[in-house]
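In the order they appear, the protein sequences are chains L and D.
First residue of the first sequence? That's 1 in the numbering used here, and the numbers climb one at a time after it.
First residue of the second sequence? That's 1 in the numbering used here, and the numbers climb one at a time after it.
A couple of the hints might just be wrong.
Stated by the list, open to error - Simulated coverage check for chain D against chain L, where a stretch passes if three residues somewhere in it have a Cβ under 8 Å from a Cβ of chain L: (1) 148-161; (2) 324-337.
Unchecked claim - If you want a taste of the chain D side facing chain L, the calculated C-beta under 10 Å gives, among others: (3) Glu221; (4) Ala271; (5) Gly285; (6) Gly289; (7) Leu290; (8) His390; (9) Tyr454.
Just so you know, these hints were derived from the structure itself, not from any lab.
Backbone N, C-alpha and C fix where the C-beta goes; we use that ideal spot for every residue, glycine too.
Here's the letter readout for the chains.
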Amino acid sequence: MRYDSITEAIGNTPLVRIDPAVHGLRHTDLYAKLEMLNPFGSVKDRAAWNMARPGLADAAERGATVVELSSGNTAKALALLAGMHGLRFKSVTNRMRVPEIKELLLLLGAEIEELPGQSECLDPTDTEDPLTRFHQALAGPGNAHLHTDQYFNQRNTEAHASGTGPEIVKDLDGRAPDWFIACVGTAGSSTGVARVLREHDPEVRVLGLVAHKSDFIPGIRTIDEVQQVGLFDPATYDAIEPVTADEAIDGMLTLIRRCGLLAGPTGGAAYHGAVRRLRALDEPSGGRRTAVFIVCDRAESYLGYVRQRRPELFGRPPRKNSAAALTEAEIRAEARTVTTGDARRWIAGEDPRPLVIDLRGPRAYAALHIEGSVNIPDELFDELVRGGLPFGTRQPVLLACPVGEKSARYAALLRRMGHPDARSLSGGIVAWRDAGAPLVRD
Amino acid sequence: MRVPLYLRPRLEPPLSSLLADAPFLHSLADALGSPLNLLLPDRIAENADRFRGVYREHRLTGRVYFAHKANRSASLVRRLAAADPAAVGVDVASLGELQHALACGVTPDRIMATGPKDPEFLWLAARTGATVNLDSPTELGQLADLVRKYALPRVDVLPRLSAFETATGPGVSGVKALSRRSRFGSPLREAGALLDAAERHRDAVRLTGVAYHLDTTGLAEKAAALEQSVAVLDECRARGLDPRVIDIGGGFGVGYVAEAGQWERYTSELANAVLGTRPALTWRGHGYGLRNEGGTLRGALALYPAHRPTAGPGYLDELLSHPSPASGRPLATLLLEHLYDLVCEPGRALADQCGLSLARVTDVRRAGHDSEDLLVRLGMNAGDMSLEEHGVLVDPVLVPRTPLPEQAEDDGPAEVYLAGNLCLEADLITRRKVFLPRRPRAGDLLAFANTAGYAMDFRAHRAQRQPVARTVAVTREGASWRWCPDEDYWPITGTGGPTS
Numbered sequence: 001m002r003y004d005s006i007t008e009a010i011g012n013t014p015l016v017r018i019d020p021a022v023h024g025l026r027h028t029d030l031y032a033k034l035e036m037l038n039p040f041g042s043v044k045d046r047a048a049w050n051m052a053r054p055g056l057a058d059a060a061e062r063g064a065t066v067v068e069l070s071s072g073n074t075a076k077a078l079a080l081l082a083g084m085h086g087l088r089f090k091s092v093t094n095r096m097r098v099p100e101i102k103e104l105l106l107l108l109g110a111e112i113e114e115l116p117g118q119s120e121c122l123d124p125t126d127t128e129d130p131l132t133r134f135h136q137a138l139a140g141p142g143n144a145h146l147h148t149d150q151y152f153n154q155r156n157t158e159a160h161a162s163g164t165g166p167e168i169v170k171d172l173d174g175r176a177p178d179w180f181i182a183c184v185g186t187a188g189s190s191t192g193v194a195r196v197l198r199e200h201d202p203e204v205r206v207l208g209l210v211a212h213k214s215d216f217i218p219g220i221r222t223i224d225e226v227q228q229v230g231l232f233d234p235a236t237y238d239a240i241e242p243v244t245a246d247e248a249i250d251g252m253l254t255l256i257r258r259c260g261l262l263a264g265p266t267g268g269a270a271y272h273g274a275v276r277r278l279r280a281l282d283e284p285s286g287g288r289r290t291a292v293f294i295v296c297d298r299a300e301s302y303l304g305y306v307r308q309r310r311p312e313l314f315g316r317p318p319r320k321n322s323a324a325a326l327t328e329a330e331i332r333a334e335a336r337t338v339t340t341g342d343a344r345r346w347i348a349g350e351d352p353r354p355l356v357i358d359l360r361g362p363r364a365y366a367a368l369h370i371e372g373s374v375n376i377p378d379e380l381f382d383e384l385v386r387g388g389l390p391f392g393t394r395q396p397v398l399l400a401c402p403v404g405e406k407s408a409r410y411a412a413l414l415r416r417m418g419h420p421d422a423r424s425l426s427g428g429i430v431a432w433r434d435a436g437a438p439l440v441r442d
Numbered sequence: 001m002r003v004p005l006y007l008r009p010r011l012e013p014p015l016s017s018l019l020a021d022a023p024f025l026h027s028l029a030d031a032l033g034s035p036l037n038l039l040l041p042d043r044i045a046e047n048a049d050r051f052r053g054v055y056r057e058h059r060l061t062g063r064v065y066f067a068h069k070a071n072r073s074a075s076l077v078r079r080l081a082a083a084d085p086a087a088v089g090v091d092v093a094s095l096g097e098l099q100h101a102l103a104c105g106v107t108p109d110r111i112m113a114t115g116p117k118d119p120e121f122l123w124l125a126a127r128t129g130a131t132v133n134l135d136s137p138t139e140l141g142q143l144a145d146l147v148r149k150y151a152l153p154r155v156d157v158l159p160r161l162s163a164f165e166t167a168t169g170p171g172v173s174g175v176k177a178l179s180r181r182s183r184f185g186s187p188l189r190e191a192g193a194l195l196d197a198a199e200r201h202r203d204a205v206r207l208t209g210v211a212y213h214l215d216t217t218g219l220a221e222k223a224a225a226l227e228q229s230v231a232v233l234d235e236c237r238a239r240g241l242d243p244r245v246i247d248i249g250g251g252f253g254v255g256y257v258a259e260a261g262q263w264e265r266y267t268s269e270l271a272n273a274v275l276g277t278r279p280a281l282t283w284r285g286h287g288y289g290l291r292n293e294g295g296t297l298r299g300a301l302a303l304y305p306a307h308r309p310t311a312g313p314g315y316l317d318e319l320l321s322h323p324s325p326a327s328g329r330p331l332a333t334l335l336l337e338h339l340y341d342l343v344c345e346p347g348r349a350l351a352d353q354c355g356l357s358l359a360r361v362t363d364v365r366r367a368g369h370d371s372e373d374l375l376v377r378l379g380m381n382a383g384d385m386s387l388e389e390h391g392v393l394v395d396p397v398l399v400p401r402t403p404l405p406e407q408a409e410d411d412g413p414a415e416v417y418l419a420g421n422l423c424l425e426a427d428l429i430t431r432r433k434v435f436l437p438r439r440p441r442a443g444d445l446l447a448f449a450n451t452a453g454y455a456m457d458f459r460a461h462r463a464q465r466q467p468v469a470r471t472v473a474v475t476r477e478g479a480s481w482r483w484c485p486d487e488d489y490w491p492i493t494g495t496g497g498p499t500s
């Protein structure tokens with residue numbers, strides 16, 4: 001395969017059969033449409049390209065900025081397309097909830113504007129929601145924007161009516177599947193594909209999956225949110241069912257671990273919703289049936305999302321020399337502490353003088369600290385002691401933190417590691433200040 | 001009728017047991033009339049303790065301030081005056097509130113003067129030694145002039161900052177968090193000029209910290225504001241000032257509705273009603289900010305998030321545990337490491353579960369000849385209880401006049417609209433249809449729970465000469481309730497005179 005541009009690699013994604021031993025359906029062939037194999041990594045590549053394409057040349061001439069309301073894959077695809085055409089891309093969003101995608105967008109050169117959080121005291125005089133204000137800004141005179149408007153742009157749907165849908169029919173040897181299952185985000189892929197499939201066979205059943213209202217599944221809207229999408233038409237779907245975040249992750253793990261498909265949570269939700277629905281209909285009457293669901297994107301961007309919900313999947317054995325492993329009782333029994341008064345005498349009179357280590361953050365240290373102290377913030381100190389003692393055993397050490405809690409923990413740990421004289425400043429820098437002892441800044 | 005869409009209130013002791021005592025509530029309303037406000041002063045002290053518990057957990061010091069404007073009552077302020085002086089203070093936003101707080105026994109060192117200030121308010125705050133939350137450099141100038149002119153002691157001040165935008169330079173990729181505009185405070189980018197002014201007026205004012213009030217539930221915006229406030233205080237230190245406190249306000253919130261499921265079902269159905277796919281849920285199809293444009297839902301739901309999994313002290317804990325955007329250290333750690341005290345102003349969250357408003361049912365009839373809905377008229381109007389005005393949707397509790405068994409013919413849920421006692425078409429207690437577990441009858445009481453924060457008498461007025469609610473303070477004594485007029489409550493008074 002040889003292409004002149006990466007955009008030519010958009011579409012023509014594989015349709016892969018899921019092993020019946022995995023899904024357990026006896027009378028249904030279940031296929032995954034692998035939209036995650038598009039060049040920018042998701043089903044949105046098609047819509048982004050189809051929506052942006054007609055306006056790009058003109059936008060380049062005007063020096064316009066491509067603008068979209070997206071916190072995810074559409075923004076990713078548009079940012080790449082904009083970059084290829086020498087344009088800037090700006091994403092406006094109601095909070096990026098997936099940190100990896102946010103960072104990836106920054107890497108791609110996107111600008112991100114986050115809308116404010118929900119108001120606490122309602123202001124009856126406020127007639128504009130932030131989105132309305134955003135649309136007004138776009139419509140204002142003298143603004144050079146190419147707004148792709150994915151929630152209302154028919155070219156979003158068209159991308160799937162001319163691409164995704166016909167590809168599915170072609171790969172099923174000219175037949176439409178009996179069931180088509182898609183998660184509803186912009187409703188573009190489900191609407192476009194459903195239209196084509198129904199043209200082939202009006203009997204096709206379409207299942208739309210939405211996120212459970214109290215849950216968050218990246219890329220899927222909740223049942224309320226889909227009502228705000230211009231492309232959403234309830235008549236497209238024979239049924240709309242909610243999926244929880246937990247179920248989406250279960251589905252994702254099945255696709256990854258048993259099917260070799262590196263799918264993200266949206267694909268997992270589609271798989272889970274598909275199997276749940278089809279299992280109830282899996283009767284021998286009616287003969288063999290075919291079902292297709294969409295795997296919308298890949299797993300890598302959602303590691304943080306999964307870690308937050310299933311920390312056990314990322315469990316590691318405890319490392320050695322860990323301060324976190326010490327119990328409160330062990331700390332009390334083993335940590336040596338000194339009061340501010342004793343510490344001042346110790347620093348002033350002993351030879352060798354104790355090394356004073358301030359465990360606070362660098363800015364706090366810069367603002368005020370004990371004269372002659374060294375700043376090693378706790379998270380760095382934690383790394384340091386994992387490898388062993390970072391100073392000789394003949395060097396006395398005085399550890400200081402805000403209230404003497406973290407320093408006591410490390411004093412106990414250092415003692416365990418064989419240091420004979422590491423002490424913790426009792427009450428910490430707060431007690432030091434309250435006792436009127438001097439603090440300096442540089 | 002379809003499945004009733006209840007929004008049952010979250011009730012905790014002692015409010016829950018007070019609501020269960022129907023004879024007591026009826027005897028009070030019989031004696032004192034409808035509407036009637038009840039306050040539970042002991043609960044506000046408990047709430048302050050809960051906030052301080054979060055402080056203790058994060059090893060932070062500093063006071064929790066009650067926003068007096070949330071409730072004009074004497075009993076709540078007096079109860080707080082009797083609490084630990086190092087733990088609780090009162091935030092006053094007018095001359096009258098300042099006088100009231102002083103009269104209730106709150107010493108000036110525990111009072112913070114905020115909001116728009118006229119010269120009399122500024123003078124009395126400075127004269128008595130309250131801390132002044134400065135809205136602008138102009139106000140700082142006014143205050144300094146007063147101090148000099150009347151030879152007053154130096155006044156502790158906290159400039160209020162606003163507009164914490166995290167913008168990067170033009171042409172640079174980055175994340176810009178947009179914030180809602182506020183009428184109050186000085187934009188962060190003018191903080192330098194404000195500090196210059198504070199230094200210039202050093203003889204008259206002592207800058208002891210900074211304050212901000214962000215009207216948002218978003219943790220990310222709060223985290224950016226707190227971290228930037230720490231940076232401003234560090235800058236103060238670099239200038240040789242000795243600041244100690246960061247005063248944070250806004251967004252702590254109250255969970256009004258007990259069950260998440262009810263709230264979710266209700267708001268979904270409201271969207272469907274606006275789209276026309278189910279019968280209306282509101283008087284004349286009011287959409288609470290939502291509208292139907294060609295079958296697509298537009299606008300934003302202008303409702304208070306009435307079910308909140310974390311609110312009040314829980315929200316503070318979440319905020320303090322949240323990483324600061326630049327350094328990545330938890331915000332509590334940041335405050336602690338920089339040696340700053342935390343002052344928080346939890347607004348209505350401090351008045352959570354502290355009171356209720358009672359209204360007598362005066363009339364019940366069909367809302368129209370073509371409707372099964374009932375119109376329930378109450379001895380109360382929309383000004384007496386402004387939950388609706390704040391976008392708080394929560395059901396009242398029906399307190400029957402007579403015990404239930406005799407009313408078997410009324411069994412089953414009822415769909416009602418709650419009308420007020422003013423001769424105005426618009427006077428509805430709430431514009432939504434309320435689902436009650438059974439049909440109310442004239443003489444019953446409806447109890448609106450959790451109205452102590454901003455709802456109870458925030459808008460009460462004497463237009464049309466309807467009675468304005470009396471307010472009583474209620475305390476538990478053993479198995480029974482004691483009550484007294486709000487203005488007669490003193491936290492030291494028990495049965496038979498002052499307790500020792």
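task = Classify the hint on alanine 271 of chain D as holds or violated, based on whether any CB of chain L lies nearer than 10 Å to its CB.
result = This interface hint holds because 5 Å falls under the 10 Å limit.
ask   = Taking 8 Å as the C-beta cutoff, is the stated coverage of the segment 324-337 of chain D by chain L satisfied by three or more residues?
value = holds (count 6)
task = Would you settle whether the hint for glycine 285 of chain D is holds or violated, based on the nearest Cβ-Cβ distance to chain L being less than 10 Å?
result = At 16 Å from the nearest chain L Cβ, glycine 285 of chain D fails the 10 Å test, so the hint is violated.
message = Take the shortest C-beta to C-beta distance between glycine 289 of chain D and chain L; is it under 10 Å?
response = holds, 7 Å
inquiry  = Does the closest beta carbon of chain L sit nearer than 10 Å to the beta carbon of histidine 390 of chain D?
reply    = holds, 6 Å
request  = Identify whether the interface hint at tyrosine 454 of chain D stands, where standing means a beta carbon of chain L within less than 10 Å of its own.
outcome  = holds, 8 Å
ask   = Do three or more residues from the segment 148-161 of chain D put their C-beta atoms closer than 8 Å to C-beta atoms of chain L?
value = violated (count 0)
message = Checking hints one by one. Is glutamate 221 of chain D an interface residue toward chain L, by the C-beta closer than 10 Å rule?
response = Interface hint status for glutamate 221 of chain D: holds (6 Å vs cutoff 10 Å).
message = Checking hints one by one. Is leucine 290 of chain D an interface residue toward chain L, by the C-beta closer than 10 Å rule?
response = Hint holds; leucine 290 of chain D Cβ to chain L Cβ min 9 Å, cut 10 Å.
Hints 1, 5, counting from the list given before, are not met by this structure.
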